Amino acid sequence: MKPHRQQPLYFAFLLHRLSGLGLALFLPFHFYVLALALEGNAELDQFLHWSASPLVKFAESGLVFLLAIHLFGGLRLLALENLPWSNSHKNYAAMALAGGFFVACGFLLRAF
Amino acid sequence: MPQQSSQTILDVVTWIQRHLDAGLSYRFACRVGMCGSCAMMVNGIPRWTCRTHVNKVMRDNSLTIEPLRNLPLIKDLACDMSEFFEKWTDSKGYFQGSTTRHDPVSTLSPNSPQRRVADAATECINCAICYASCDVVNWNRDYLGPAALNRAWSLQNDERDSASAERLSVVAGDAGCHQCHSQQGCATYCPNELNPTASIAGLKRMVAKAYVRGELGAGGKGRQGPESDA
Amino acid sequence: MLEVRLYLAQRASAAIMAPLVLIHLGVMIYTIQGGVDAAEILERTRGSFFWGANYGLFVIAVSVHAAIGLRNILREWLSLRGIGLAIISWIFFAGLLMAGLRAVAAVVIA
Numbered sequence: 001m002k003p004h005r006q007q008p009l010y011f012a013f014l015l016h017r018l019s020g021l022g023l024a025l026f027l028p029f030h031f032y033v034l035a036l037a038l039e040g041n042a043e044l045d046q047f048l049h050w051s052a053s054p055l056v057k058f059a060e061s062g063l064v065f066l067l068a069i070h071l072f073g074g075l076r077l078l079a080l081e082n083l084p085w086s087n088s089h090k091n092y093a094a095m096a097l098a099g100g101f102f103v104a105c106g107f108l109l110r111a112f
Numbered sequence: 001m002p003q004q005s006s007q008t009i010l011d012v013v014t015w016i017q018r019h020l021d022a023g024l025s026y027r028f029a030c031r032v033g034m035c036g037s038c039a040m041m042v043n044g045i046p047r048w049t050c051r052t053h054v055n056k057v058m059r060d061n062s063l064t065i066e067p068l069r070n071l072p073l074i075k076d077l078a079c080d081m082s083e084f085f086e087k088w089t090d091s092k093g094y095f096q097g098s099t100t101r102h103d104p105v106s107t108l109s110p111n112s113p114q115r116r117v118a119d120a121a122t123e124c125i126n127c128a129i130c131y132a133s134c135d136v137v138n139w140n141r142d143y144l145g146p147a148a149l150n151r152a153w154s155l156q157n158d159e160r161d162s163a164s165a166e167r168l169s170v171v172a173g174d175a176g177c178h179q180c181h182s183q184q185g186c187a188t189y190c191p192n193e194l195n196p197t198a199s200i201a202g203l204k205r206m207v208a209k210a211y212v213r214g215e216l217g218a219g220g221k222g223r224q225g226p227e228s229d230a
Numbered sequence: 001m002l003e004v005r006l007y008l009a010q011r012a013s014a015a016i017m018a019p020l021v022l023i024h025l026g027v028m029i030y031t032i033q034g035g036v037d038a039a040e041i042l043e044r045t046r047g048s049f050f051w052g053a054n055y056g057l058f059v060i061a062v063s064v065h066a067a068i069g070l071r072n073i074l075r076e077w078l079s080l081r082g083i084g085l086a087i088i089s090w091i092f093f094a095g096l097l098m099a100g101l102r103a104v105a106a107v108v109i110a
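Protein sequences appear in the order of chains X, U and F. Counted the way this note's numbering counts, the first sequence spans residues 1 to 112. Counted the way this note's numbering counts, the second sequence spans residues 1 to 230. Counted the way this note's numbering counts, the third sequence spans residues 1 to 110.
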């Protein structure tokens, strides 16, 4: 990575962009699965049983992490742009990351 | 080359020109961090070379000195600064008064909130370090960039300035403040510790308010070439 | 002006989604224990005005938000410009919106 990018708020930007991209690409699949309910409970259940396997649960916690980190990172940006200026954005970005891990771990703990 | 105490990057470049390569082209003037002409990439990071000490930035006993990023190269370490200054004028980065010499001198309180905001953004030396550190400039060649927008924000908060509406419509243009992703590379590397990201956030709010109130002109005429979006 | 409008739409959709995402995360963490099955989901959502409005609004906001975000990425990282960029962004928006509303209908309408 280029040296000038090696600063915390660039990483915060990158994480926000990549998590957003990941979520955007996951959404069509998410919607497709839910629409299976149109064809009756059996179709949806077939998928849900597949998703109960440990590996898929881990992958799901990854998605939960992406969603949480994008939420917290996005709230940070809304605050940056709309509230009086704060010089603590490196701390806020770190807190957003920690919050993302916290939520994803909470999900994992409940899933198993 | 001989190492000396308090040796700056500019000293190194000058030594190279005097002893190794007389044809080496680079730019400097004041040597004391006032003029903003000697900025270069030092080990990949944009810095004012006259105030950057070698022993503070040397990594593994080596230094890589390159011309500023995001600007066309003329020769060696000298960049063409035209687009940087053109964007400055495109974004109406100059004071436009409405009074004449016959009017009384306006009185300004240095303590008014608006004046404090304007002052906070005012000490720019046009070194283009923020411009070189900005990824949005790199991704969108039309983007006005941190220095020009920071200047625009300062002027928007100058109560004597009379071009506020026109300036706002330019910074609200497709190459304007909304392109900024708040990565804060500009604020990280600004040698005068200005924060263009904070200024741009202020412009975003100002534009949003004007848009909602229907006060935003058609604007955005500066640098809207065929490359920019429909 | 296009960029101002996109910026405002991006931020407005984000602000709308913030509480919806919190609810979504809460529901996910709450229901994941013991696994989920279709009956459990549909029992909660079928015929519910609250969940219908919640997810309907969510789908509209996320379609706007994701399409604008994707547009930024295509523009900045792949240098896409002009009509091509507009077409891809609009297709992504329309596709997400239709697939999303269909999914909401599937789980809400009995």
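I should point out that these hints are in silico values taken from the structure, not numbers from a laboratory. Just so it is clear, the structure is predicted and the values come from calculations on it, not from any experiment. Misleading hints may appear alongside valid ones.
The calculated DSS-like cross-link candidates involving lysine-lysine, where the alpha carbons are at most 30 Å apart (straight line), are [claimed, not checked]: (1) X/Lys2 <-> U/Lys209; (2) U/Lys75 <-> U/Lys56; (3) X/Lys2 <-> X/Lys57; (4) X/Lys90 <-> U/Lys209; (5) U/Lys75 <-> X/Lys2; (6) X/Lys90 <-> U/Lys75.
Quick rundown of the hints versus the structure:
no.: 1; hint: X/Lys2 <-> U/Lys209; in the structure: violated, 37 Å
no.: 2; hint: U/Lys75 <-> U/Lys56; in the structure: holds, 27 Å
no.: 3; hint: X/Lys2 <-> X/Lys57; in the structure: violated, 35 Å
no.: 4; hint: X/Lys90 <-> U/Lys209; in the structure: holds, 28 Å
no.: 5; hint: U/Lys75 <-> X/Lys2; in the structure: holds, 23 Å
no.: 6; hint: X/Lys90 <-> U/Lys75; in the structure: violated, 38 Å
Violated hints for the displayed structure, listed by number in ascending order: 1, 3 and 6.
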